[in-house]
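Q: Here is what each chain is made of, one letter per residue.
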Amino acid sequence: MSKEEKIIIKDKNTNINVSENLNIIEWKFPDFPFQCNIYIEDNIILNSHCLIHLNGINGKINIYSQNKSIVNISLGLIFKNENNFLIKNVLNGNEAYSKILIHALEEDDSKSILKTVGIINEKTKDNEFLEQIKVLNFKKQNITCLPELLVYSNEAIANHNATIRNISIDELFYLNSKGINNDLAIKLIKEGFLNKALNK
Amino acid sequence: MIVGDFMLKIQNLSLKADNKELLNNINLEINEGEIHVLMGPNGAGKSTLCKAILSHPSLEKTSGQIYFFDKNITALKTDEIARLGIYYISQSPVEIEGVKNIELIRSALRNLNKHIDIFEFNKKNKIFCEQLNIDKDFIHREINVNMSGGEKKKNELLTMLFLQPKLIILDEIDSGLDIDSIKSVAKILKNYQEKNNCAILIVSHQEMLIKLLNPTFCHLIKNKTIIKSGDTSLIKTILEKGFANF
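Protein chains in written order, with my numbering: chain A, 1 to 200; chain B, 1 to 246.
Just so you know, these hints were derived from the structure itself, not from any lab.
Glycine included, each C-beta is placed from N, C-alpha and C at the ideal position.
Wrong hints could be hidden among the right ones.
Said to hold, decoys possible - To spell it out: a stretch of chain A is covered by chain B in this simulated footprint if at least three of its residues, at any positions, have a beta carbon under 8 Å from a beta carbon of chain B; those stretches are: (1) 9 to 15; (2) 164 to 173; (3) 189 to 198.
Unchecked claim - Here are the simulated lysine-lysine pairs, BS3-like style, with alpha carbons at most 25 Å apart: (4) A:Lys196 / B:Lys224; (5) B:Lys211 / B:Lys222; (6) B:Lys136 / A:Lys196; (7) B:Lys222 / B:Lys236; (8) A:Lys187 / B:Lys77; (9) B:Lys222 / B:Lys20; (10) B:Lys187 / A:Lys187; (11) B:Lys187 / B:Lys124; (12) A:Lys134 / B:Lys100; (13) B:Lys123 / B:Lys136; (14) A:Lys187 / B:Lys100.
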């Protein structure tokens, strides 16, 4: 069983210690620059499958994993206006497992940077880190994705990939050819893209 | 405005894409209840013509008109044309991650102003899935994602049965299908066509699907234009002699 919690960040610096299994069901961020450090203790599971609206955010979420901890994060991110958002996962212990799946898209004319960093520290072993970032842009490439993976240990499995794409003319034509107008077709594609991350 | 007893009329249609001429002076007329087969060598313009009827955004019509019943659809958008009752199945339907068939069909029905309550929808789904020999939960799968070639075509037919089109355009839907799947797809199409007196325009190289659908007319497209039209004897001649003799 996991405890369910909403994370509402109100301060410039926030430290959260996770000592029992936790499922974060909602994130709320302030409109000023912030940093949130989440420390996960040994053998603890952190889950979060959420849709997050980012509107003028400048923030960092740093997750520190210890021995045999599990991080399972799937986020659907909707960017609006200018954002600078970073998610960092540092694996400090052994036999930890981290899986981070992010599907991000823009709403209106966003100019955003999404940075993800995975770090497997030296002198650790048997850690597994998987990260998949997908960005769906419209018209212009308005979301810049900066994935980074730093592996300092020789005994780790680490995999990350990032893809950025636009809605294709073929996807739109397909939906249009079923009688669905452009606005509804784009809405369906956006929702589907986000739902895929949340496994709905 | 042209008024006649035709369903689809293409008059002197020419089009280009990226400043390259793709079709030149196409003329074609299809009436209710007719099945037309479009044949021609690779690159002749068969798929382009199918897409042109649906106003694919990459194609630019340079001259000519397309009428559907008494409406000039030449300048209409794809979704507007589809809502008039033209249904297009491509040889490789696109996959759309995260969007389920049920969302597609309900959205399409909503855009058609056909409001079906959930009980009637489920009832129809059960009937259609039985006809297609697929599980009734097929409708909850993502559009064409992780589907075999046969499943994709059945998926397209499931949507077609819900939307009840008047003209069906099939662009090499038999490609990648095994014999049993071709038979099954042909049977569903033929049943639908006979029951609804709709018309079918089919692009195919496969003798089997053509025979099973039993078309009424054949058109040979070569060098970007229709060079010959005729009845089923033309199909026989093409299948025997190939395209080089025309």
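Q: Lys136 of chain B and Lys196 of chain A: Cα distance at most 25 Å?
A: holds (22 Å)
Q: Next pair to validate is Lys211 of chain B with Lys222 of chain B; report whether the Cα-Cα distance is within 25 Å.
A: holds (22 Å)
Q: For the region 164 to 173 of chain A, do three or more residues have a beta carbon lying closer than 8 Å to a beta carbon of chain B?
A: holds (count 6)
Q: Please verify whether Lys187 of chain A and Lys100 of chain B have alpha carbons no more than 25 Å apart.
A: holds (13 Å)
Q: Would you check the hint for Lys196 of chain A and Lys224 of chain B, treating anything up to 25 Å between C-alpha atoms as holding?
A: Not satisfied, since the Cα-Cα distance of roughly 42 Å exceeds 25 Å.
Q: At a Cβ distance under 8 Å, does chain B reach at least three residues of the region 189 to 198 of chain A?
A: holds (count 7)
Q: Would you check the hint for Lys123 of chain B and Lys136 of chain B, treating anything up to 25 Å between C-alpha atoms as holding?
A: holds (10 Å)
Q: For the pair supplied as a hint, Lys187 of chain A and Lys77 of chain B, confirm whether the alpha-carbon distance does not exceed 25 Å.
A: holds (18 Å)
Q: Count residues of the region 9 to 15 of chain A with a Cβ under 8 Å from any Cβ of chain B, then say if the count reaches three.
A: It is violated: at least three residues are needed, and the region 9 to 15 of chain A offers just 0 whose Cβ sits closer than 8 Å to chain B.
Q: Run the distance test for Lys187 of chain B versus Lys124 of chain B: straight-line Cα separation, threshold 25 Å.
A: Holds: Lys187 of chain B and Lys124 of chain B sit about 19 Å apart, inside 25 Å.
Q: Holds or violated: are the alpha carbons of Lys222 of chain B and Lys236 of chain B at most 25 Å from each other?
A: holds (17 Å)
Q: Lys222 of chain B and Lys20 of chain B were given as a pair; does the straight-line alpha-carbon distance stay at or below 25 Å?
A: holds (16 Å)
Of the numbered hints stated above, those contradicted by the structure are hints 1, 4, 10, listed in ascending order.
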